Amino acid sequence: MSFRSGVATFAGKSSYWFLHTFLHGGSSLPGKITLKLDPNILRTLGAKYDVIVITGTNGKTLTTALTVSVLHEKYPDILTNPTGSNMEQGIVTTFLNAKNPKTGRPLAVLEVDEANVIKVTQYIEPKAFVFTNIFRDQMDRYGEIYTTYQKILDGVALAPNATIIANGDSPIFHSKELPNPIQYYGFDDQPDGDFKAKPNTDGVLCPNCEHILHYHSLTYSNQGKYFCPNCGFSRPELTYRLTKLGEQTPTSSKFEIDGHPFKIQVGGTYNIYNALAAYAVGRFMGVTPEQVSDAFNANQQVFGRQEVINVDGKRVTIILVKNPVGLDQVLHMIGTDTHPFSLVGLLNANYADGIDTSWIWDGDFEQLADRDIPTVITGGERYKDITFRLKVAGIPDDRHIVEPNLEKVVEEIKKVSTDRVYVLATYTAMLQMRKILADKGYVKEGLGL
Amino acid sequence: MSYELNVAHLYGDLMNTYGDVGNILALNYYAKQMDVTLNVKVVSLEEDFHAADYDLAFFGGGQDFEQTIVSQDIQTKKAELIKFIESDGPLLAICGGFQLLGHYYIGADGEKLPGIGALDHYTLAQDHNRFIGDIVIKNQETGETYHGFENHQGLTYLGKGERPLGNVVSGKGNNGEDGTEGAIYKNVYCSYFHGPILTRNGDIAKHLLVAALKRKYPDADFSQQEALPIPATF
Numbered sequence: 004m005s006f007r008s009g010v011a012t013f014a015g016k017s018s019y020w021f022l023h024t025f026l027h028g029g030s031s032l033p034g035k036i037t038l039k040l041d042p043n044i045l046r047t048l049g050a051k052y053d054v055i056v057i058t059g060t061n062g063k064t065l066t067t068a069l070t071v072s073v074l075h076e077k078y079p080d081i082l083t084n085p086t087g088s089n090m091e092q093g094i095v096t097t098f099l100n101a102k103n104p105k106t107g108r109p110l111a112v113l114e115v116d117e118a119n120v121i122k123v124t125q126y127i128e129p130k131a132f133v134f135t136n137i138f139r140d141q142m143d144r145y146g147e148i149y150t151t152y153q154k155i156l157d158g159v160a161l162a163p164n165a166t167i168i169a170n171g172d173s174p175i176f177h178s179k180e181l182p183n184p185i186q187y188y189g190f191d192d193q194p195d196g197d198f199k200a201k202p203n204t205d206g207v208l209c210p211n212c213e214h215i216l217h218y219h220s221l222t223y224s225n226q227g228k229y230f231c232p233n234c235g236f237s238r239p240e241l242t243y244r245l246t247k248l249g250e251q252t253p254t255s256s257k258f259e260i261d262g263h264p265f266k267i268q269v270g271g272t273y274n275i276y277n278a279l280a281a282y283a284v285g286r287f288m289g290v291t292p293e294q295v296s297d298a299f300n301a302n303q304q305v306f307g308r309q310e311v312i313n314v315d316g317k318r319v320t321i322i323l324v325k326n327p328v329g330l331d332q333v334l335h336m337i338g339t340d341t342h343p344f345s346l347v348g349l350l351n352a353n354y355a356d357g358i359d360t361s362w363i364w365d366g367d368f369e370q371l372a373d374r375d376i377p378t379v380i381t382g383g384e385r386y387k388d389i390t391f392r393l394k395v396a397g398i399p400d401d402r403h404i405v406e407p408n409l410e411k412v413v414e415e416i417k418k419v420s421t422d423r424v425y426v427l428a429t430y431t432a433m434l435q436m437r438k439i440l441a442d443k444g445y446v447k448e449g450l451g452l
Numbered sequence: 030m031s032y033e034l035n036v037a038h039l040y041g042d043l044m045n046t047y048g049d050v051g052n053i054l055a056l057n058y059y060a061k062q063m064d065v066t067l068n069v070k071v072v073s074l075e076e077d078f079h080a081a082d083y084d085l086a087f088f089g090g091g092q093d094f095e096q097t098i099v100s101q102d103i104q105t106k107k108a109e110l111i112k113f114i115e116s117d118g119p120l121l122a123i124c125g126g127f128q129l130l131g132h133y134y135i136g137a138d139g140e141k142l143p144g145i146g147a148l149d150h151y152t153l154a155q156d157h158n159r160f161i162g163d164i165v166i167k168n169q170e171t172g173e174t175y176h177g178f179e180n181h182q183g184l185t186y187l188g189k190g191e192r193p194l195g196n197v198v199s200g201k202g203n204n205g206e207d208g209t210e211g212a213i214y215k216n217v218y219c220s221y222f223h224g225p226i227l228t229r230n231g232d233i234a235k236h237l238l239v240a241a242l243k244r245k246y247p248d249a250d251f252s253q254q255e256a257l258p259i260p261a262t263f
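Protein chains in written order, with my numbering: chain A, 4 to 452; chain B, 30 to 263.
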C-alpha cells in the first residue's frame with residue numbers, strides 16, 4: 004500500500020470509528036474529538052428538517068427517489084441520501100454534507116435500512132414512516148420476517164406521533180397495535196374471489212389466530228386483499244387505492260390510483276407498489292394527483308436499475324436480483340416482453356449477495372419454460388448453482404451456454420440471435436459486469452443506480 | 030413401463046424458508062430421468078396425513094413462528110407419520126423438519142416445543158449463536174461426499190438407532206461437538222443442509238426415489254434406475 008493510500012485508509016477508518024462510536028452513545032470518546040464534534044450531531048442537524056423515513060425489504064431506493072420527485076412538485080428543498088447510504092454512517096454523512104437550506108424548514112426523505120431505523124429515531128422524530136414490504140431477504144444477514152419487522156417497530160416506538168404510511172396489502176403491517184396514526188395503500192382493482200397464496204410463500208399465517216390466510220385478490224407473494232376465514236382478521240381500510248391496472252411492459256406500466264391515471268417508465272408490479280407509496284406520501288404532504296403525475300412523467304433517471312445498454316446492437320438490460328420475491332417479480336416483468344429475448348443469469352455469493360445461494364430455488368424460473376428462449380447463459384462465481392437451477396427449470400442443454408468468466412459472457416451476448424438480452428445478476432456480479440462493460444466502453448463508469 | 034409416486038410435501042406452505050422447494054424440483058428432475066411421475070401434494074394445518082396415501086414425503090424448514098405452529102399441528106399427524114416411517118416410507122426432513130421428527134426442540138424464546146419422537150434425537154438451542162456457512166460431510170457407508178450450506182441455532186443430538194447422514198469434513202454439523210451431521214433411520218434422511226440439499230446432492234435424491242419405487246413396486250427391476258448417473262452440480 005502506498006503512503007498516500009495508507010493515509011487515506013487511516014483517515015477513513017478513524018472517521019468510521021469515530022462516527023460509529025459516538026452514535027452508540029460516545030461515552031468513551033476522547034475529549035478532544037468531543038470538543039471538535041457535537042455528539043448529538045444528528046439531533047442538532049435533523050432538528051431543522053421534517054424527516055420522512057422509508058424502510059422495508061424491497062423497493063426502498065426507487066420509492067425514495069420517486070417520493071423525492073413527487074415532493075419536489077411542492078417543496079423546493081429536499082435532502083435525501085444517495086443509494087446504498089441507508090445505514091447510520093451514510094445518514095449522518097448525508098446530513099453533514101447538506102447545504103444550508105434556502106427555506107425555513109426543508110424536508111429530508113431518507114431511505115433507511117430496517118435495522119437502522121432506531122439509529123435515526125434515537126435522535127430525530129420523523130414526520131412519517133413509509134413501510135414498503137417485508138420479505139425474506141438474504142437470511143444469513145437479516146433473519147426472519149417477524150424479526151425484521153420488530154427491528155423496525157423498535158425504532159418506531161421512539162416516534163409514536165409519526166404517521167405510518169404502510170403497504171396495506173402486506174399482512175405483517177396489520178399485525179401489531181401501534182399508537183401511531185396509520186394510513187394504508189394497496190391494490191383494489193379486482194372483484195372479490197377466494198384464493199390462497201402459492202404454497203411456496205412466506206408469511207401466510209393469520210397474525211391473530213394462526214390459521215392460513217385467504218385472499219379476495221392477490222398481487223404477488225403474500226400481498227393482496229387478505230382475510231382470515233377463521234377469525235375475521237382482514238386487510239384494513241385503504242386510504243390510497245390502486246383502482247385500475249392497465250398495460251404492463253418491461254419498460255412501462257399504466258394504472259389508476261384513486262381514479263387518477265398514471266404512467267411510469269418502468270415495468271414490474273413491484274414498481275407500481277413503489278409508485279403507489281410515493282403517491283401516498285405526496286398526498287399526505289399535500290401534493291395534488293396532477294403534480295404526482297407530472298413528477299412520474301418527468302423523472303426517467305430514477306429508474307436507473309433498468310438501464311438499457313447497447314452492446315454492439317444488442318439491447319442489454321441488467322437487473323439486480325437479491326431475494327426470491329424480487330427475483331420472481333423480475334421474471335414476471337421480463338415475461339411481459341412481447342419481443343423474443345435471451346436470458347443471462349449471473350450468480351455470486353459474496354457477503355453483499357448473500358453467502359447462501361439457496362434462495363435461487365425459491366425463484367419461479369419455471370414460469371419462463373413456455374417462453375421458448377433461444378439462448379440462456381449462466382455465469383458468475385457460483386455458476387454451477389445457477390446452471391443447475393435453470394437446467395431443472397427445463398432449459399435444454401443445446402440452448403444453454405455455461406460461461407463462468409464474465410468477459411466471455413459479454414462475447415457470448417454479442418452472438419445471441421435476439422436483439423434483447425436480460426441480464427439478471429446479484430449485487431457483486433452486477434458490479435463486475437458493469438466494470439467490464441465500462442472497460443469496453445459500452446457504459447460510463449459508475450453505477451447508474 | 031412407467032411408474033408413479035405420490036409425494037407428501039409436509040407443511041409446504043409454512044416450512045419453506047430456504048429454497049426447500051428446490052428438493053421437490055430436484056426429485057422431479059431425477060424422477061423424470063427414471064421414468065417416474067411424481068404427484069406432489071402439500072399437506073398442511075388441519076389436513077389429514079394418511080400413511081397409505083403416500084410413497085415419499087418431504088418436510089422442510091421454516092421460520093421460528095411457523096415452526097411453533099407446526100409443532101402443535103403435527104401432533105395430530107403423529108401416529109400416521111410414525112406408521113409411514115416404521116413401514117419404511119422414504120422421507121427427507123430438513124432443519125425444522127429434522128427437529129420436529131425428534132422428541133423436542135428449544136424455540137426462539139427458550140421454550141421447549143414437542144416433536145413427534147418418531148426418531149430418537151432431541152434439539153437444544155445455542156445461546157445467541159448460529160452455525161452459518163458452507164459444510165462438507167462424508168457418508169461412511171456409501172463413501173459419498175455431500176456439499177451444503179448450514180444456518181441453524183439448534184444443537185441436535187442423535188439417539189438410539191440413528192446414524193448420521195455423514196461425518197463432518199468441514200463445517201459444524203448437528204451440534205459442533207460430535208462430528209455428526211443429519212440422521213438416517215430406516216428410509217428417513219435428515220439434515221441441516223439448507224433448503225435445497227438434493228440439488229447439490231443428487232445421490233440422496235436417487236436413494237429416496239429408488240427406496241420409494243422398491244417399496245411400491247416390490248416385483249419390478251430397478252437396476253436401471255439405480256444405475257442412473259448423477260453428474261456433479263457443485
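Hints listed in this document are in silico derivations from the structure and should not be mistaken for laboratory results. As the structure is a computational prediction, the values presented were derived from the model and not from experiment. Some clues are possibly wrong.
Said to hold, decoys possible - List time: in silico PhoX-like cross-link candidates among lysine-lysine, alpha-carbon distance up to 25 Å:
1) A:LYS51 with A:LYS77
2) A:LYS201 with B:LYS215
3) B:LYS112 with B:LYS61
4) A:LYS201 with A:LYS317
5) B:LYS201 with A:LYS387
6) A:LYS201 with B:LYS243
7) A:LYS387 with B:LYS61
8) B:LYS70 with A:LYS199
9) A:LYS317 with A:LYS438
10) B:LYS243 with B:LYS215
11) B:LYS141 with B:LYS107
12) A:LYS394 with B:LYS189
13) B:LYS201 with B:LYS112
14) A:LYS394 with B:LYS141
15) A:LYS199 with A:LYS179
16) A:LYS325 with A:LYS130
17) B:LYS167 with B:LYS112
18) A:LYS394 with A:LYS411
19) B:LYS70 with A:LYS387
20) A:LYS154 with A:LYS122
21) A:LYS394 with A:LYS325
22) A:LYS317 with A:LYS77
23) A:LYS411 with A:LYS387
Results for each hint:
| no. | hint | result |
| --- | --- | --- |
| 1 | A:LYS51 with A:LYS77 | 18 Å, holds |
| 2 | A:LYS201 with B:LYS215 | 32 Å, violated |
| 3 | B:LYS112 with B:LYS61 | 28 Å, violated |
| 4 | A:LYS201 with A:LYS317 | 36 Å, violated |
| 5 | B:LYS201 with A:LYS387 | 24 Å, holds |
| 6 | A:LYS201 with B:LYS243 | 32 Å, violated |
| 7 | A:LYS387 with B:LYS61 | 21 Å, holds |
| 8 | B:LYS70 with A:LYS199 | 15 Å, holds |
| 9 | A:LYS317 with A:LYS438 | 18 Å, holds |
| 10 | B:LYS243 with B:LYS215 | 14 Å, holds |
| 11 | B:LYS141 with B:LYS107 | 18 Å, holds |
| 12 | A:LYS394 with B:LYS189 | 40 Å, violated |
| 13 | B:LYS201 with B:LYS112 | 32 Å, violated |
| 14 | A:LYS394 with B:LYS141 | 42 Å, violated |
| 15 | A:LYS199 with A:LYS179 | 22 Å, holds |
| 16 | A:LYS325 with A:LYS130 | 30 Å, violated |
| 17 | B:LYS167 with B:LYS112 | 30 Å, violated |
| 18 | A:LYS394 with A:LYS411 | 21 Å, holds |
| 19 | B:LYS70 with A:LYS387 | 29 Å, violated |
| 20 | A:LYS154 with A:LYS122 | 11 Å, holds |
| 21 | A:LYS394 with A:LYS325 | 20 Å, holds |
| 22 | A:LYS317 with A:LYS77 | 40 Å, violated |
| 23 | A:LYS411 with A:LYS387 | 16 Å, holds |
When the structure is compared with the earlier hints, violations turn up for hints 2, 3, 4, 6, 12, 13, 14, 16, 17, 19, 22 and for no others.
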